[in-house]
Amino acid sequence: MEGVAIIGAGQTRYGDFPTKGVKELFAEAYLEMLQSVDRGLDPQMIQAAYIGCLSAGSGFQLGQLAPLLMGHVGLPHVNAVRVENACASGGFALYNAACAVASGKFDLVLAAGVEKMRDISSSKGRYWLGVSGDTEYERLAGSTFAGIYALMATRYMHEYGLKREHLSMVAVKNHRNAAANPKAQFRKAITLEQAMNGVPVAYPFNIWDCSPTTDGAAVVLLCNARRARDFTSRPVYLRGFGAASDYLAIHDRSSITRLNATRKAAAEAYKQAGIGPRDIDFAEVHDCFTIAEILAYADLGFCEEGRAHYLLEEGITQLDGKLPVNASGGLKAKGHPIGATGCGMAYEIFRQLRGEAAEPVRQIKNARFALSHNVGGSGGTAAVFIYQRGDE
Amino acid sequence: MEGVAIIGAGQTRYGDFPTKGVKELFAEAYLEMLQSVDRGLDPQMIQAAYIGCLSAGSGFQLGQLAPLLMGHVGLPHVNAVRVENACASGGFALYNAACAVASGKFDLVLAAGVEKMRDISSSKGRYWLGVSGDTEYERLAGSTFAGIYALMATRYMHEYGLKREHLSMVAVKNHRNAAANPKAQFRKAITLEQAMNGVPVAYPFNIWDCSPTTDGAAVVLLCNARRARDFTSRPVYLRGFGAASDYLAIHDRSSITRLNATRKAAAEAYKQAGIGPRDIDFAEVHDCFTIAEILAYADLGFCEEGRAHYLLEEGITQLDGKLPVNASGGLKAKGHPIGATGCGMAYEIFRQLRGEAAEPVRQIKNARFALSHNVGGSGGTAAVFIYQRGDE
Amino acid sequence: MGAHISIPMYQRAVPQRYRLVGQRCLKCGKVNFPPKAVCKYCNAGFEFEEVTLSGRGTVYSYTIIAGGGAPPEFAEQAHCQGSYPVVVVELEEGPRVIAQLVDPPPAGITIGMPVRAVFRKIYEEEGVIRYGFKFRPA
Amino acid sequence: MGAHISIPMYQRAVPQRYRLVGQRCLKCGKVNFPPKAVCKYCNAGFEFEEVTLSGRGTVYSYTIIAGGGAPPEFAEQAHCQGSYPVVVVELEEGPRVIAQLVDPPPAGITIGMPVRAVFRKIYEEEGVIRYGFKFRPA
Ligand SMILES: [Zn+2]
Ligand SMILES: [Zn+2]
Chain E
1 MEGVAIIGAG QTRYGDFPTK GVKELFAEAY LEMLQSVDRG LDPQMIQAAY IGCLSAGSGF
61 QLGQLAPLLM GHVGLPHVNA VRVENACASG GFALYNAACA VASGKFDLVL AAGVEKMRDI
121 SSSKGRYWLG VSGDTEYERL AGSTFAGIYA LMATRYMHEY GLKREHLSMV AVKNHRNAAA
181 NPKAQFRKAI TLEQAMNGVP VAYPFNIWDC SPTTDGAAVV LLCNARRARD FTSRPVYLRG
241 FGAASDYLAI HDRSSITRLN ATRKAAAEAY KQAGIGPRDI DFAEVHDCFT IAEILAYADL
301 GFCEEGRAHY LLEEGITQLD GKLPVNASGG LKAKGHPIGA TGCGMAYEIF RQLRGEAAEP
361 VRQIKNARFA LSHNVGGSGG TAAVFIYQRG DE
Chain R
1 MEGVAIIGAG QTRYGDFPTK GVKELFAEAY LEMLQSVDRG LDPQMIQAAY IGCLSAGSGF
61 QLGQLAPLLM GHVGLPHVNA VRVENACASG GFALYNAACA VASGKFDLVL AAGVEKMRDI
121 SSSKGRYWLG VSGDTEYERL AGSTFAGIYA LMATRYMHEY GLKREHLSMV AVKNHRNAAA
181 NPKAQFRKAI TLEQAMNGVP VAYPFNIWDC SPTTDGAAVV LLCNARRARD FTSRPVYLRG
241 FGAASDYLAI HDRSSITRLN ATRKAAAEAY KQAGIGPRDI DFAEVHDCFT IAEILAYADL
301 GFCEEGRAHY LLEEGITQLD GKLPVNASGG LKAKGHPIGA TGCGMAYEIF RQLRGEAAEP
361 VRQIKNARFA LSHNVGGSGG TAAVFIYQRG DE
Chain V
1 MGAHISIPMY QRAVPQRYRL VGQRCLKCGK VNFPPKAVCK YCNAGFEFEE VTLSGRGTVY
61 SYTIIAGGGA PPEFAEQAHC QGSYPVVVVE LEEGPRVIAQ LVDPPPAGIT IGMPVRAVFR
121 KIYEEEGVIR YGFKFRPA
Chain D
1 MGAHISIPMY QRAVPQRYRL VGQRCLKCGK VNFPPKAVCK YCNAGFEFEE VTLSGRGTVY
61 SYTIIAGGGA PPEFAEQAHC QGSYPVVVVE LEEGPRVIAQ LVDPPPAGIT IGMPVRAVFR
121 KIYEEEGVIR YGFKFRPA
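Protein chains in written order, with full-length UniProt numbering: chain E, 1 to 392; chain R, 1 to 392; chain V, 1 to 138; chain D, 1 to 138.
So here's chain E without its partners, still in its complex pose:
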């Protein structure tokens, strides 16, 4: 297998952009990616593209979004395909782009994600978004996507003594981080009191426990590691990439206080990278709901099962803690344009590891290894990536 490096990355601001469609969002991220390749690149050298998207632009383009986007940016003949695993679509785009480079068949492959969520009324949006789980059973039970994660949270509280405050501590931390991120959707810190008293959504969640609907796109360019320094003086290496799935319906799973897809994906990524959880300097994890970040801590090996909320109490995952998690603000506050999220995490890590976090206050210093973690729906799929700073 060939080594894989990231040599460029771009991302739109996340938010609500009525004047931009899916093509405009993608092009904006793509052009920023091109500019980030510091030794220059002829775009016609790009050979393949993997594009993550769930709703295909709020449903207008059900088929073949990938060639539509590539034709829009002057790469009409590239081998382009859409990959879809709900909220992990971007992560699976990145995973399969990495496989394509690792196979030796291609030297330069694009991984991208895009979602235009705010073009449709919220009633239609609710139809689209569904439960991101097993529609035939979970949706017919009257549950929403929030409801499925809420069922996990209630059980976790029962088994491990998690309190309502712990959920809110995730929201407070991630909003604080987003406040410093110029590309985040919500640039506003919130208090613990606010976070605990939002409008109810699905017990035990209130509105502050839930990620928003977001327009956005992210693009990452992968390169055979042997050629990376032709294009940039500061590549970031993708040392490990893992992906796995689980029963889509939570009622089919043996436990709902862990995500087996994350555990299997993480094991694959750590093994390939030859490192363990203790080597990770910072991480971007999938916090579509506050409980999701809490589950991720143990699933990724940052703590033992059932002990995740103590990491929050101890401040370990704050920006100034020992293991910052979601320095970007996370899905919760940076925003969650479904298909883009997995690639947007890679964008954040690429910038952080190169010392290019947009504001000095949010730059994580002396980091060598980072991890990103992208989950599909309620854990039906997951992808985990391990990155290494390249300038050593």
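Calculated from the structure, these hints are not laboratory results. These figures come from a predicted structure and were not determined experimentally. The beta carbon of each residue, even a glycine, is placed where N, CA and C say it ideally should be. Any given hint could be a false lead.
As the list claims (entries may be wrong) - On the chain V side, residues computed to face chain E include the following (Cβ under 8 Å):
| no. | residue |
| --- | --- |
| 1 | Y60 |
| 2 | S61 |
| 3 | Y62 |
| 4 | V97 |
| 5 | I98 |
Claimed, not checked - Label pairs and their in silico Cβ distance ranges:
| no. | chain 1 | residue 1 | chain 2 | residue 2 | range |
| --- | --- | --- | --- | --- | --- |
| 6 | R | R39 | E | G40 | 44 to 54 Å |
| 7 | E | R307 | V | R120 | 32 to 42 Å |
| 8 | D | V118 | E | S233 | 19 to 29 Å |
| 9 | E | R229 | V | E47 | 51 to 61 Å |
| 10 | V | V118 | E | R307 | 53 to 63 Å |
| 11 | E | E304 | R | D42 | 28 to 38 Å |
| 12 | E | E304 | D | P15 | 51 to 61 Å |
Given chain E, put chains R, V and D with the ligands in place with the hints provided.
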């Protein structure tokens, strides 16, 4: 790069199955695939799955169909992802499964496709199917999917003197082939007169120029070529695989009497296989409309541009001709369950090259190399595969 | 359209929705619900006998869907009730299943609480009432 | 839902639909229509000046959509007209574009026939009439 072999394949009958949903169709093809692995296989050895689907079961499961299907057949934790390029979704599933094996990361990878098209009323179906092209422009012009291919046909007639009869000759040939295929949707030969006088759909097409709506699934198991004979005495090798895209809207293309995506994908596949069009003994090509098979002949190098209809006049692509095309009946008469089509072609070739065509009358003899060709929509994407018989 | 359950799709699962028909794996003896093509316990058995579940079980987890956030096909119910509980129930035959809880106890839902299945209207769409099981305190 | 063009999406393309606004590539000088982020002729230019197309061109290819097979949002038109022609037009500035042809000549449409753009109702959906260009014989 590692070599890639097909060691098993299964396919449902194609047709209209009111009692079977997307899970049941997939399971039926999967279980036939398992049985075809003649030296036996522990399914738990399967490491990854690529699943092609456009409509996700007529729209009920917009996200994460892949883990839903894998959980249904006892492989809940496999790395599973949906890939989508409209009618080429199955071909891109096969392509990416092949890349995954070629990378050396996996030894056993599933490529599958499924489509449940007949669960919804035809008015809703027409919304779903759209134009399989650039919706924003082609659909707003009032065109259908048939209309887009009809525009290609009209121009082809103008440039190269193609006649209405030539279109019908494709339909007659493929219906004749399907009549002998027990898995085909239409098992009935038609006369040239019938084929020329069907109900109009979009000039110059009538109903006999168009593929039907179809329920169906197909599953192919890929293996690292070095391990193939552990599982079967008669592997089929995937010697070349190519994929490419083009402008999605036909008005953006420099020519509409050729598919550049097919040409680029074929060049990649031929180069990898180290053979040329003259080495191909038979082919399954993408005949969603009769003109599509005619375009494919030149795009795949079987003749020069503009001379495809002479191959029909000379009977070269008939079952008993020098280069049989669509022995299965093709999309036209075997049926076209969108996401399944690309993998269904691989199923047909796997069976033919192993001497297992279900009826002796349709067994192609002494074939060594075969080709399959899967197109997305009106040519926005294409994938081409070259297969070699393994028992020599 | 979106996450729409078509009428044919709904009809194919009527034995499950009306009568909780599951399947006992002939290889490992465990009961799958909803049905699978391959047993989810042994990941190997693919032959089954039909078994109708008792509908008795206990609450494994719960949530309360707030009215404003209900899926559109449940909007009417949410409007009338303000909010409604959804539970995961562990059935006495082994499988867990997700459904609504009716008549929740005034003191609140608790994990471990015994419940039993009841047959109820789920919602109406395309002129067809979708019926199925919900649970109520036993 | 399906292949639905939302109102915001329609509105973003109003300059194209109402006034045929294209873009001249500052690198190669060619005219793109519909607009692209990167020029489709040189695959390199990404800076453009706006140019309003004349709407004059010739028929590059054509089809006639039969009434029964029209997309649902065009069903009313198909019902009234029985069938309607759709053409690809090569515009005098270079780009080709797809649209309907109104008032087709009684002797039939021919490739190479001169046409010009006219502003027409396309269809009505969600209470909003979508207007845009069609072509007619010049
Ligand atoms: Zn069993
Ligand atoms: Zn240019």
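Here is what the structure says about each hint:
Against a cut-off of 8 Å between C-beta atoms, the interface hint on V:Y60 holds, since the closest Cβ of chain E lies about 7 Å away. Taking 8 Å as the C-beta contact cut-off toward chain E, the hint placing V:S61 at the interface holds, the least distance being around 4 Å. Given hint, V:Y62 at the interface with chain E, holds; its Cβ is 6 Å from that chain's nearest Cβ, closer than 8 Å. The beta carbon of V:V97 comes within 5 Å of a beta carbon in chain E, closer than 8 Å, and the hint placing it at the interface holds.
Interface restraint check for V:I98: the shortest CB-CB distance to chain E comes to about 5 Å, inside 8 Å, so the restraint holds. For the hinted restraint 44 to 54 Å between R:R39 and E:G40, the CB-CB distance of approximately 53 Å keeps it satisfied. The given range of 32 to 42 Å is respected by E:R307 and V:R120, whose C-beta atoms sit roughly 40 Å from each other. The hint said 19 to 29 Å for the Cβ distance between D:V118 and E:S233, and at roughly 56 Å that hint is violated.
Under the hint 51 to 61 Å, the C-beta atoms of E:R229 and V:E47, about 58 Å apart, fit the expected range. Hint check: V:V118 to E:R307, Cβ distance near 39 Å, so the stated range 53 to 63 Å is violated. A hinted range of 28 to 38 Å holds for the C-beta pair E:E304 and R:D42, which are about 32 Å apart. At about 59 Å, the CB distance of E:E304 to D:P15 agrees with the hint of 51 to 61 Å.
In this structure, the hints that do not hold are numbers 8, 10, in rising order.
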